Amino acid sequence: MQERYDPAAVESQARDHWQSTDAYSVREDSSRPKYYCLCMFPYPSGRLHMGHVRNYTIGDVLSRFMRKQGYNVLQPMGWDAFGLPAENAAMANGVPPAKWTYDNIAYMKGQLQSLGFALDWKRELATCQPEYYRWNQWLFLRMLEKGIAYKKTGVVNWDPIDQTVLANEQVIDGRGWRTGAPVEKREIPMYYLRITDYSQDLLDSLDTLTDWPERVRTMQANWIGRSEGVRLGFPYELDGESHTLNVFTTRADTLMGVTFCAVAAEHPLATYAAKNDAALAAFVEECKKGTAMEAELAVMEKKGMPTGLFVTHPLSGEKVPVWVGNYVLMTYGEGAVMGVPGHDERDFEFAKKYGLPIRQVIADGANVYSTEQWSEWYGTKSGICINSGKYDGLNYQQSIEAIAADLSALDLGHKQVQWRLRDWGISRQRYWGCPIPLIHCPKCGDVPVPDKDLPVVLPEGLVPDGSGNPLARLPAFYECKCPTCGADARRETDTMDTFVDSSWYFARFASPDNAQAMVDERADYWMPVDQYIGGIEHAILHLLYSRFWTRVMNDVGLTKVREPFKRLLTQGMVLNDIYSRKGDGRVQYFNPADVDVQVDAKGTRLGATLRSDGKPVDWEGMRTMSKSKNNGVDPQQLVAEYGADSIRLFMMFKAPPEDTLEWSDDGVEGAARFMRKLWRTVYEHVAQGLPAPLAGATLTAEQRTMRHAAHTMLAKVTDDIGRRKVFNTAIAAVMELMNTLAKFDDKSPQGRAIAHETLQLVVQVLSPIVPHATHALWQALGHDDSLMDRAWPQPDPQALVQDEIQLVVQVNGKLRSHIAVAAAADEASIREIALADANVQRWMEGKPPKKVIVVKGKLVNVVV
RNA sequence: GCCGGUGUGGCGGAACUGGUAGACGCGACGGACUCAAAAUCCGUUUCUGGCAACAGAGUGUGGGUUCGAUUCCCUCCACCGGCACCA
55 MQERYDPAAV
65 ESQARDHWQS
75 TDAYSVREDS
85 SRPKYYCLCM
95 FPYPSGRLHM
105 GHVRNYTIGD
115 VLSRFMRKQG
125 YNVLQPMGWD
135 AFGLPAENAA
145 MANGVPPAKW
155 TYDNIAYMKG
165 QLQSLGFALD
175 WKRELATCQP
185 EYYRWNQWLF
195 LRMLEKGIAY
205 KKTGVVNWDP
215 IDQTVLANEQ
225 VIDGRGWRTG
235 APVEKREIPM
245 YYLRITDYSQ
255 DLLDSLDTLT
265 DWPERVRTMQ
275 ANWIGRSEGV
285 RLGFPYELDG
295 ESHTLNVFTT
305 RADTLMGVTF
315 CAVAAEHPLA
325 TYAAKNDAAL
335 AAFVEECKKG
345 TAMEAELAVM
355 EKKGMPTGLF
365 VTHPLSGEKV
375 PVWVGNYVLM
385 TYGEGAVMGV
395 PGHDERDFEF
405 AKKYGLPIRQ
415 VIADGANVYS
425 TEQWSEWYGT
435 KSGICINSGK
445 YDGLNYQQSI
455 EAIAADLSAL
465 DLGHKQVQWR
475 LRDWGISRQR
485 YWGCPIPLIH
495 CPKCGDVPVP
505 DKDLPVVLPE
515 GLVPDGSGNP
525 LARLPAFYEC
535 KCPTCGADAR
545 RETDTMDTFV
555 DSSWYFARFA
565 SPDNAQAMVD
575 ERADYWMPVD
585 QYIGGIEHAI
595 LHLLYSRFWT
605 RVMNDVGLTK
615 VREPFKRLLT
625 QGMVLNDIYS
635 RKGDGRVQYF
645 NPADVDVQVD
655 AKGTRLGATL
665 RSDGKPVDWE
675 GMRTMSKSKN
685 NGVDPQQLVA
695 EYGADSIRLF
705 MMFKAPPEDT
715 LEWSDDGVEG
725 AARFMRKLWR
735 TVYEHVAQGL
745 PAPLAGATLT
755 AEQRTMRHAA
765 HTMLAKVTDD
775 IGRRKVFNTA
785 IAAVMELMNT
795 LAKFDDKSPQ
805 GRAIAHETLQ
815 LVVQVLSPIV
825 PHATHALWQA
835 LGHDDSLMDR
845 AWPQPDPQAL
855 VQDEIQLVVQ
865 VNGKLRSHIA
875 VAAAADEASI
885 REIALADANV
895 QRWMEGKPPK
905 KVIVVKGKLV
915 NVVV
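Residue numbers for the first sequence follow the numbering used here, beginning at 55 and rising by one.
Just so you know, the hints here were simulated from the structure itself, not pulled from any lab data.
The reader is advised that the hints may include incorrect statements.
[Claimed, not checked] Within a straight-line C-alpha distance of at most 25 Å, the following computed BS3-like cross-link-like pairs (lysine-lysine) qualify:
{"no.": "1", "residue 1": "Lys444", "residue 2": "Lys469"}
{"no.": "2", "residue 1": "Lys731", "residue 2": "Lys153"}
{"no.": "3", "residue 1": "Lys122", "residue 2": "Lys681"}
{"no.": "4", "residue 1": "Lys88", "residue 2": "Lys779"}
{"no.": "5", "residue 1": "Lys205", "residue 2": "Lys620"}
{"no.": "6", "residue 1": "Lys636", "residue 2": "Lys620"}
{"no.": "7", "residue 1": "Lys681", "residue 2": "Lys669"}
{"no.": "8", "residue 1": "Lys669", "residue 2": "Lys88"}
{"no.": "9", "residue 1": "Lys681", "residue 2": "Lys200"}
{"no.": "10", "residue 1": "Lys797", "residue 2": "Lys779"}
{"no.": "11", "residue 1": "Lys342", "residue 2": "Lys329"}
{"no.": "12", "residue 1": "Lys731", "residue 2": "Lys797"}
Bear in mind that the values here come from a model prediction, so they are computed numbers and not experimental data.
Based on the sequences and whatever the hints tell you, model everything.
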């Protein structure tokens with residue numbers, strides 16, 4: 055064994071060993087329980103960022119841990135390879151997206167390997183490969199056959215100068231990112247998937263996902279957004295014909311408080327009214343031009359204009375004015391709402407602004423407020439109806455029932471379930487994506503590409519220029535014959551949303567080499583994913599789409615599972631400091647590695663200076679690492695400097711996996727320091743020769759304490775990693791034990807045997823986290839088997855036994871004393887010892903105890 | 001705006017099921033070794049008062065439940081994630 059810890063040598067040696075023994079390859083094996091551990095696959099952006107390193111370290115630790123628990127562990131890796139950044143890079147450098155993507159994949163694969171992740175590379179896939187995306191196309195055709203896929207118009211961001219569709223990301227303050235032109239909304243035909251057919255199933259099944267974080271389930275439930283209410287109609291006459299304006303409401307109890315109705319700019323009634331009203335037409339146009347983003351819509355100033363049209367209140371017969379409101383969404387419900395300013399905040403704001411009447415129709419118990427006291431009764435939900443004619447006195451539930459019944463009798467309404475979830479639009483007017491397999495024939499209409507002609511291969515050499523989709527300008531791609539009639543036809547040039555690619559890759563990892571089928575029976579062995587790990591930012595879209603896609607695959611008989619991910623861990627983001635300096639009207643950002651921080655005598659941050667010029671820079675707090683803020687850290691540089699193990703140890707120790715992790719160079723240095731200390735401790739131990747195993751002789755109190763500490767650590771680490779999935783406390787327990795061992799200065803044969811046992815336990819429990827160094831240390835401790843495949847150790851029950859325990863004694867809830875009692879002591883004797891304690895007596899001041907609470911193994915509280 | 005989350009020493013965090021607040025690490029301070037530096041080792045480190053023993057306060061704010069609250073309930077504040085074409 056080398057005296058000095060040399061991570062580079064140790065790590066390449068361990069990697070060579072695993073590679074030569076093919077340690078990462080995995081096959082189906084019905085004799086062992088399977089464990090499928092999957093990390094969200096990366097977008098090949100160029101280099102791994104620290105978020106990836108954190109994600110994959112968590113997955114690797116769990117994979118290696120479960121392998122040592124006897125599971126047949128699958129941990130694959132692939133590339134989410136289609137997407138916008140490749141097109142942006144192409145525009146910037148003139149390199150085709152395909153080349154850029156494949157080059158990035160090659161580099162990043164090397165990075166992943168240098169970090170020592172136990173990945174089965176034989177299953178590697180990239181979503182931009184025709185062998186992969188042909189199955190997107192194949193299943194899309196099945197969805198068309200089943201009516202799950204369909205065509206309708208949808209709204210997109212349109213850049214009028216570049217004549218191109220923009221992603222939300224490309225819209226900055228309402229303007230195109232390249233042209234600066236105000237972005238418009240435009241309606242174009244698109245393909246949609248009927249995820250809404252699965253609303254109830256997707257919602258109900260959330261209850262079965264008991265190993266998902268509660269917050270993710272709540273977010274998904276809110277996103278699906280089931281609400282029970284009443285759909286009702288306001289009748290009106292237009293050009294001598296009878297119509298109804300339909301709205302949905304969850305507050306039918308407030309129906310008698312309606313003082314207006316508001317419709318979306320896209321609503322037919324708005325279109326009709328705008329025909330003869332230039333001002334209204336201008337307003338409708340303005341609304342239509344505005345953002346398509348919900349977040350921006352929600353904070354916009356509420357604006358409206360009257361249409362001059364009136365509808366009839368279905369129950370009171372009153373005339374109700376119809377307004378156009380910029381806050382009404384055409385995509386939710388009916389594109390129209392009833393306005394009850396007395397009991398809805400948004401309606402109230404609107405009514406105040408435009409002088410519409412406000413009417414109270416719900417009262418809070420006995421309190422009846424005047425209109426002037428609106429703030430006191432406004433928004434009341436638990437109350438009874440007032441000013442509502444025959445419904446007066448009814449509560450929330452009763453009034454809704456009564457009103458729904460009356461509307462039903464008039465054929466003007468009924469109770470209905472409304473969903474917030476919308477169908478999934480998958481058409482993208484972009485080049486670097488999976489082609490949608492359709493052909494547009496002037497005679498036959500939209501004709502699916504026959505299965506035998508799949509895949510529709512994306513030509514790889516094109517370089518997009520930012521104006522429109524290059525596929526639409528490539529006759530070799532879009533010119534084709536109609537598969538039905540043979541006439542000249544045009545191939546669809548839209549590609550699929552990249553969320554399609556990532557909605558089923560987890561199933562493909564089970565049978566990545568199958569050219570005949572999307573998945574095969576190997577998926578039945580591996581699916582579902584037992585542990586899925588990825589960023590919380592994917593809590594809704596990716597996870598919901600994957601759940602939907604898995605259901606469709608199940609419905610067409612491809613797989614047996616309906617839920618793809620059994621257990622979910624959402625890891626937090628990796629943050630780093632941001633330093634900037636303002637000058638010449640420009641903000642300049644400096645990498646934290648180039649900045650010196652000044653602190654006071656206590657270590658409080660005083661300021662920071664740039665190392666190169668010594669002048670001050672401003673600290674802007676911590677954010678995720680990004681190019682624009684120049685606060686990135688290159689994993690490769692760190693691996694070269696400290697070795698992969700120290701980086702892995704730092705990431706797992708710094709914060710619990712679900713929390714954000716604040717990057718710190720000092721923290722990495724600390725992890726490296728621990729690795730050196732561990733190495734040195736083992737070196738100094740084995741340098742004196744390997745001790746004989748622990749014999750059955752009686753141990754001293756110190757020796758018993760040492761063994762107790764070692765086996766308590768083992769039990770804690772096993773629980774922390776296995777059950778709680780937290781690693782920082784597991785590592786802390788190991789560090790604590792190492793501190794205890796450093797003070798355990800016992801060179802007797804027994805003492806050395808206990809030190810040996812302790813070090814073996816430390817090396818074994820650390821092996822999932824720092825696999826390279828522990829691989830070498832295990833050999834140094836006298837073993838010739840591969841630590842990676844060695845079963846996880848079990849604590850010795852004998853070592854865990856204690857004769858005497860320390861209890862805390864409180865008087866009136868305040869800590870006043872400590873007592874030592876026999877581990878087996880009963881409540882009465884504990885009470886007696888506690889009351890006899892001098893400190894306790896002093897604080898009782900001679901008063902008799904009113905109550906004595908004894909919590910076994912923890913504390914005694916004396917109440918006087 | 002809506003939905004979800006977070007808030008504990010100088011800093012990251014620990015306290016898992018209502019039971020010793022601050023484990024473990026970083027930083028800082030003091031010391032040892034060294035010609036010196038690095039590395040390493042030892043000690044101190046929530047705040048206030050006190051030489052000390054010790055006492056008091058303390059987990060974003062304000063309130064509540066309890067023998068006992070970082071933990072449960074309500075209020076408010078600040079920050080972070082998502083909002084359907086970034087992935």
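Comparing the hints with the structure gives:
1. Lys444 to Lys469: Within the cut-off at roughly 20 Å; holds.
2. Lys731 to Lys153: violated (45 Å)
3. Lys122 to Lys681: violated (39 Å)
4. Lys88 to Lys779: OK: lysine 88 and lysine 779 at ~18 Å, within 25 Å.
5. Lys205 to Lys620: violated (33 Å)
6. Lys636 to Lys620: Violated, because 49 Å separates the two Cα atoms, which is more than 25 Å.
7. Lys681 to Lys669: holds (23 Å)
8. Lys669 to Lys88: Since the Cα atoms of lysine 669 and lysine 88 sit roughly 58 Å apart, the hinted pair is violated (cutoff 25 Å).
9. Lys681 to Lys200: violated (45 Å)
10. Lys797 to Lys779: violated (30 Å)
11. Lys342 to Lys329: holds (15 Å)
12. Lys731 to Lys797: holds (14 Å)
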